[in-house]
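Asker: The lines below spell out each chain.
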Amino acid sequence: MSKTFTLDGKPIPFEDGQTIMEAATAAGVYIPHLCHHPEFTPHGSCKLCNVNVNGRTCSACTFPATEGQDVLSETTEINQDRQKITQMLFIEGNHLCPGCEKSGNCQLQAVAYHLNMLDNHFPHFYPKREMDASHPDVMIDHNRCIFCSLCVRASQQADGKNVFAISGRGINKHLIVNSESGQLKDSDINAGDRAAHICPTGAILIKRTGYTVPIGERIYDHKQIDQVSLETEHESHD
Amino acid sequence: MTNKIRVATTSLAGCFGCHMSFLDIDERMLQLAEAVEFDRSPITDIERCTNCDIGLIEGGVCNSENVHVLREFRKNCKTLVAVGACAINGGLPAMRNFIPLEECLAEAYLDGIGVENPQIPSDPELPLLLDKVRPIHEIVKIDYFLPGCPPSADVFWKFLTDLLEGREPSLPYELVHYD
Chain A
0 MSKTFTLDGK PIPFEDGQTI MEAATAAGVY IPHLCHHPEF TPHGSCKLCN
50 VNVNGRTCSA CTFPATEGQD VLSETTEINQ DRQKITQMLF IEGNHLCPGC
100 EKSGNCQLQA VAYHLNMLDN HFPHFYPKRE MDASHPDVMI DHNRCIFCSL
150 CVRASQQADG KNVFAISGRG INKHLIVNSE SGQLKDSDIN AGDRAAHICP
200 TGAILIKRTG YTVPIGERIY DHKQIDQVSL ETEHESHD
Chain B
0 MTNKIRVATT SLAGCFGCHM SFLDIDERML QLAEAVEFDR SPITDIERCT
50 NCDIGLIEGG VCNSENVHVL REFRKNCKTL VAVGACAING GLPAMRNFIP
100 LEECLAEAYL DGIGVENPQI PSDPELPLLL DKVRPIHEIV KIDYFLPGCP
150 PSADVFWKFL TDLLEGREPS LPYELVHYD
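So the sequence lines, in the order shown, correspond to chains A and B. Using numbering that gives the first Met the number 0, the final residue of the first sequence is 237, and nothing's skipped along the way. Using numbering that gives the first Met the number 0, the final residue of the second sequence is 178, and nothing's skipped along the way.
Accuracy of the hints is not assured; some may be wrong.
No farther apart than 30 Å at their CA atoms in a straight line, the calculated lysine-lysine pairs in the DSS-like style are these [what the hints assert, rightly or not]:
id, chain 1, residue 1, chain 2, residue 2
1, B, K157, A, K222
2, B, K140, A, K83
3, B, K131, A, K172
4, A, K127, B, K131
5, A, K184, A, K206
6, A, K172, A, K83
Not the full set, but computed from the structure, chain B residues with beta-carbon under 8 Å of chain A [stated by the list, open to error]:
id, residue
7, C14
8, A81
9, A84
10, I87
11, G89
12, L91
13, A93
14, M94
15, F97
16, K131
17, H136
18, F144
19, C148
20, A152
21, L170
Hints in this document: simulated from the structure, not taken from any laboratory. All residues carry an ideal CB built from backbone N, CA and C; glycine is no exception.
Could you put together the complete structure from these sequences and hints?
Answerer: What follows is the structure, given as structure tokens:
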């Protein structure tokens with residue numbers, strides 16, 4: 000482990016083949032992200048992990064670490080970009096946190112708190128996508144989906160199933176369910192599947208489990224996502 | 000005449016919860032009253048706001064009267080503040096944006112359980128509903144946002160004391176929430 004790059008001026012050791020995100024996480028440095036998960040193939044869709052590498056903007060989750068790179072992450076400019084991206088995610092869906100059972104445990108919300116996002120800035124889309132409550136134990140509110148594809152990857156790579164996919168183009172892209180009817184009840188999903196629990200927002204929920212944790216004891220009530228993320232991602236490597 | 004900071008407040012498509020949370024500053028209200036004079040507000044009898052320093056707006060915009068009031072506030076307030084989830088993104092009332100307005104009105108006034116003498120109210124005294132509930136920043140320029148449903152009393156206190164003491168208002172992590 001003699002190779003290093005610098006992240007915000009701090010030397011970060013890495014092994015060949017590691018991405019900037021992987022090396023930073025291993026060194027205990029948080030880079031904001033939503034679609035990245037250490038156990039699954041990187042996706043590069045949320046763009047929150049954008050960092051500046053030798054003067055150019057790159058996604059830390061897909062960009063390989065190399066010797067001597069000069070990487071910037073926690074700059075005012077980059078965090079402002081991240082906040083704008085988060086605002087885009089909020090206005091594109093219907094993220095009405097006061098009535099969402101993921102509130103306090105939601106990574107999208109926690110990233111927004113972390114970035115001190117106080118408003119949504121842009122005009123709202125108010126999309127109207129149908130809910131899928133057909134399954135006895137799992138439901139989907141498509142209006143909260145941020146297309147991170149973690150459920151797609153978890154279903155394929157962890158569950159050995161193929162329940163989800165992203166379909167459509169541009170703003171019409173959406174999450175689809177691989178069953179003849181297109182409904183969750185006719186798919187292979189079970190409430191115990193990884194794919195049913197990995198959603199970073201309130202899009203995929205387990206029925207009858209909402210509002211069980213008191214306010215003040217939810218994941219992000221007092222801890223910021225940087226701390227939670229590093230703790231959980233280190234646990235999953237141990 | 001005094002040199003006090005003039006504050007106006009209003010609730011548009013709000014639930015008055017943000018005003019209640021504002022009142023939750025409790026006895027600090029006495030301290031605030033020494034520095035602040037209230038203009039148009041649900042807690043005063045003043046009908047129109049004139050030359051204010053700060054306007055606090057709760058609620059989204061759901062009908063024509065909301066638009067007029069919001070414009071009146073923008074015209075008269077140096078600093079206009081969106082208070083609470085509804086003012087910021089439409090809030091839970093914006094859930095009606097996914098149902099056609101005709102269906103909402105029919106459910107409430109024509110087909111709903113227990114409706115007598117079914118008719119959709121149409122007196123010109125009544126403001127017409129907009130087709131969608133909107134956040135206030137889509138109608139007028141907003142200077143500051145206080146998120147929360149409602150924002151806690153400490154959010155109001157932090158924001159107002161920052162402004163009164165000439166600091167750029169800021170909210171620490173513990174005070175920022177959307178629920």
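Asker: Now, for every hint given, state plainly whether the structure supports it.
Answerer: We went through each hint and held it up to the structure:
1. K157/B with K222/A: Roughly 21 Å between the alpha carbons, so the hint for K157/B and K222/A holds.
2. K140/B with K83/A: holds (18 Å)
3. K131/B with K172/A: holds (24 Å)
4. K127/A with K131/B: holds (13 Å)
5. K184/A with K206/A: holds (13 Å)
6. K172/A with K83/A: holds (21 Å)
7. C14: violated (10 Å)
8. A81: Since the shortest Cβ distance to chain A is 7 Å, the answer is holds.
9. A84: At 5 Å from the nearest chain A Cβ, A84/B passes the 8 Å test, so the hint holds.
10. I87: holds (5 Å)
11. G89: holds (7 Å)
12. L91: Check passed: Cβ of L91/B comes within 5 Å of chain A, closer than 8 Å.
13. A93: holds (7 Å)
14. M94: For M94/B, the interface hint holds, since the closest Cβ of chain A sits about 7 Å away, which is under 8 Å.
15. F97: holds (5 Å)
16. K131: Holds, because the Cβ-Cβ distance from K131/B to chain A comes to roughly 7 Å (cut-off 8 Å).
17. H136: holds (7 Å)
18. F144: holds (4 Å)
19. C148: holds (4 Å)
20. A152: Violated, about 15 Å.
21. L170: Nearest chain A Cβ about 7 Å off; hint holds.
Checked against the numbered hints given earlier, the structure breaks hints 7, 20 and satisfies all the rest.
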